[in-house]
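These protein sequence lines are chains G and S, in that order. Taking the working numbering, the leading residue of the first sequence gets 1, the next gets one more, and so forth. Taking the working numbering, the leading residue of the second sequence gets 1, the next gets one more, and so forth.
Just so you know, these hints were derived from the structure itself, not from any lab.
Derived DSBU-like pairs (lysine-lysine); straight-line CA-CA distance at most 30 Å:
#: 1; chain 1: S; residue 1: LYS66; chain 2: G; residue 2: LYS7
#: 2; chain 1: G; residue 1: LYS7; chain 2: S; residue 2: LYS7
#: 3; chain 1: G; residue 1: LYS7; chain 2: S; residue 2: LYS14
#: 4; chain 1: G; residue 1: LYS71; chain 2: S; residue 2: LYS14
A short list of chain G residues far from chain S (calculated; beta carbon distances all over 10 Å):
#: 5; residue: THR2
#: 6; residue: THR3
#: 7; residue: ARG6
#: 8; residue: GLN95
#: 9; residue: THR96
Over 12 Å on every C-beta distance to chain G, these chain S residues come out as not near it, computed from the model:
#: 10; residue: LEU15
#: 11; residue: LEU45
#: 12; residue: ILE81
#: 13; residue: TYR151
Everything numeric in this text was worked out from a predicted model, so none of it was measured. Idealized CB from N, CA, C, for every residue including glycine.
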Amino acid sequence: MTTTIRKNLVPALLILLAGLIVSFAALPLENTGWAEGIRAGVGIGGEGGEGLVREGQSPAGVVAMIGPLIKVAALMGIGALLTALGLWLIRMVRQTGSGRGEIVEGNR
Amino acid sequence: MAQTSRKMSTNQIKLYVDIFLLLSFILVNIPQATGIPFHEWASVLFILPLLIHILLDWKWIVSITKRMFGRLPGEVRFNHIFDLIIFIMMTLALMTGFVISEAALPALGIHITIDPFWSMMHDLTANLTMVLIGVHLAMHWGWIVSAFKRYFGRGSVSTSAATQGTD
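With the hints as constraints, model all of the structure from the sequences given.
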C-alpha cells in the first residue's frame with residue numbers, strides 16, 4: 001500500500017500541476033473582448049444555468065431526472081456515433097486502397 | 001496461492017474504476033436533477049477517480065509521450081492527443097465550476113460574485129467534455145467489450161470462483 005502510494009505520488013502531483021497550469025492559463029480569458037461581450041449580453045451578476053436546482057430548493061424527482069440524463073446521453077451519443085462513423089469510413093478507405101493496391105500489383 | 005488468485009488484475013481494476021468514473025461523470029453532469037450543492041461537492045470528489053484513471057495508464061502515457069515524435073500508429077497518436085484535449089477540457093470545466101461556485105465555496109466561507117462569462121464557459125466546457133467522452137468511449141469500445149465479456153460475461157472467471165478453484 002505504502003509502495004503504491006509512493007510510486008504514484010510523483011505522477012499524481014504532476015497531473016495536478018498540469019491541471020493548475022491549464023486553470024491559470026485560462027484565467028486571463030476573463031479580460032478579453034469576448035468575455036466583455038458575453039457580460040454585456042447577459043448583464044453582470046447574471047447567474048446563468050437555467051433550470052438548475054439551487055441551494056435551498058429540493059432536487060427534482062426521478063421523472064425530472066430523465067431530461068438531464070437524455071441530454072448527457074445525447075451529447076455522449078453524438079461523439080460516439082461520429083467516431084464510429086469516422087472509424088468505419090477510415091476502414092472502408094483503407095480496404096479500398098489495399099484492394100486497388102492488389103490490382104496494381106496484379107497488373108505488374 | 002489463494003491470495004494470488006484473489007488479487008485483481010490491472011485490467012479488472014481499470015474496468016471497475018472506469019465504470020465508477022462513468023457513473024460519477026453522468027451523475028455530476030445532471031445538476032438540474034441532483035441540485036447545485038450535490039453537483040459541486042460530487043465534482044470535487046470526482047477528481048479522485050479521475051486521477052486514479054489517469055494513474056492506471058501512466059506508464060502508457062509516459063511511453064507514448066516519449067515516442068510522440070517518432071514512429072507511432074495513427075490511432076495511438078490520435079488517442080494520446082485526444083486524451084490530452086479531454087484532460088484540458090475537464091480541467092477547464094472543473095476550474096470554471098469553482099469560479100462560479102454557489103454552494104461549495106460559500107460553505108467554506110469564500111463568497112464570490114458569479115461572472116456570466118465563467119458561467120457560460122462552464123456550460124460550454126461541460127457540454128464539450130460530454131461529447132469528447134463519447135468519442136473516448138467509442139475509441140476504446142473494443143477494450144470495453146472484451147473487458148466486460150472477460151469479467152462479467154458468461155463463463156467469466158470471477159475472483160471468488162478463482163479462489164474457490166485454488167482452494
